[in-house]
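With the hints as your guide, set chain B onto chain A.
Protein chains: 2
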Amino acid sequence: MSKAFDFYFDVGSPAAYLAWTQMPRLARETGATVHYRPFLLGGVFQATGNRSPMEVPAKSRWMRDDLARHAARYGVPYRHNPHFPINTLAQMRAALGLQMRQPERLLPFGDAVYRAIWVDGRNMNDPAEVARVLQKAGFDPQAVLALTQDPEVKERLKAATQAAVERGVFGAPTFFVGDQMFWGQDRIDFVKEALQ
Amino acid sequence: MSKAFDFYFDVGSPAAYLAWTQMPRLARETGATVHYRPFLLGGVFQATGNRSPMEVPAKSRWMRDDLARHAARYGVPYRHNPHFPINTLAQMRAALGLQMRQPERLLPFGDAVYRAIWVDGRNMNDPAEVARVLQKAGFDPQAVLALTQDPEVKERLKAATQAAVERGVFGAPTFFVGDQMFWGQDRIDFVKEALQ
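Protein chains in written order, with this note's numbering: chain A, 20 to 215; chain B, 20 to 215.
There's no promise every hint is true.
Which copy is meant is left open, so a pair is good if it fits within one copy or across any two.
Unchecked claim - The list that follows gives simulated cross-link-like pairs (lysine to any residue, SDA-like), each with its CA atoms no further than 20 Å apart:
hint, residue 1, residue 2
1, K78, G61
2, K211, R124
3, K78, D25
4, K211, R92
5, K78, Q181
For the record, the hints were derived by calculation from the structure and aren't laboratory data.
Only chain A is shown next, with the shape it has when bound in the complex (with noise of 0.2 Å):
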């Protein structure tokens, strides 16, 4: 039987981020393989009465040094985006359609707009600053823009997100161990735990 699990990643999230940054080592620590699930964050916030914890400044303050740390204890980069928040539907879009039409690309494309936006402190909110990051990462950024219009992509995006709620989705990110649900970048040791 092969194992796998599934990871619900928004690239708007910093803790998505860093668990981005770790799937690899999970998946060959474990041996299993990582179902990436692109889904609409906001989305899910709206559909659930949850809300992220950076609107509660007390919270907002404490988790950028939260994140620092487990950035130090993973040995990964990552700066808080001056531009935060922002608004993801157009890269899951791209995000998703990338994984439908051009499936090698997805990690690729996750890997540059994280780090655009979770490491460079880029405005993802900018068209033309897309652009340029997408560009440079080896992207065509009319291609990609076209993704993010064309209604299959819209319409699946939307029946993803739907169907993380469904499934019990509230935050980002979240993994699922068959029925097993783990909300949280510091809860990858659980998905491990119950990979093994």
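This is chain B only, laid out in the frame that chain A set:
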């Protein structure tokens, strides 16, 4: 130089209960003194705009699983309280009053109340039930009740809660090692690292 850390707790928080069970071990492993800081979580929520994670149904369902997984990892009993949420004003006044007047009675009080709520599922919103729990743990319920009506105790709990907010506290449990703040029973390992 003697090491110490602050532990902010409210008996109504299941995460603070789990942390409470780990404080003796943390103190032993680090050689640090625990400064127990009773405060009113409801007051902190009001002041910071934060709210209980239990207020989001999907998050609440997940949290019960997550708390049970942590309890299993710690090797301590845990059961969600059917009478949650609990108004903890009287219990937190009693905790602070005991700390002021009979400091050696704080830990037995916390042990008894945490166990009643987060292991035995007792209804601590019912004064008669509270009296039974306290009596069984060797307390004089009338004396404890008197503490909860003591104007100095009332004032001190307000001041302690306000001071916690000013220090950056937005939830429970919260730890401080010097100026470094850590939120959550799942951050005990970071507290330990900061103490070492």
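These are the hints, each one checked on the structure:
| no. | hint | result |
| --- | --- | --- |
| 1 | K78 <-> G61 | both (19 Å within a copy, 15 Å between copies) |
| 2 | K211 <-> R124 | neither (26 Å within a copy, 41 Å between copies) |
| 3 | K78 <-> D25 | between (28 Å within a copy, 18 Å between copies) |
| 4 | K211 <-> R92 | both (17 Å within a copy, 14 Å between copies) |
| 5 | K78 <-> Q181 | between (28 Å within a copy, 16 Å between copies) |
Hint 2 from the list above is the single one not met by this structure.
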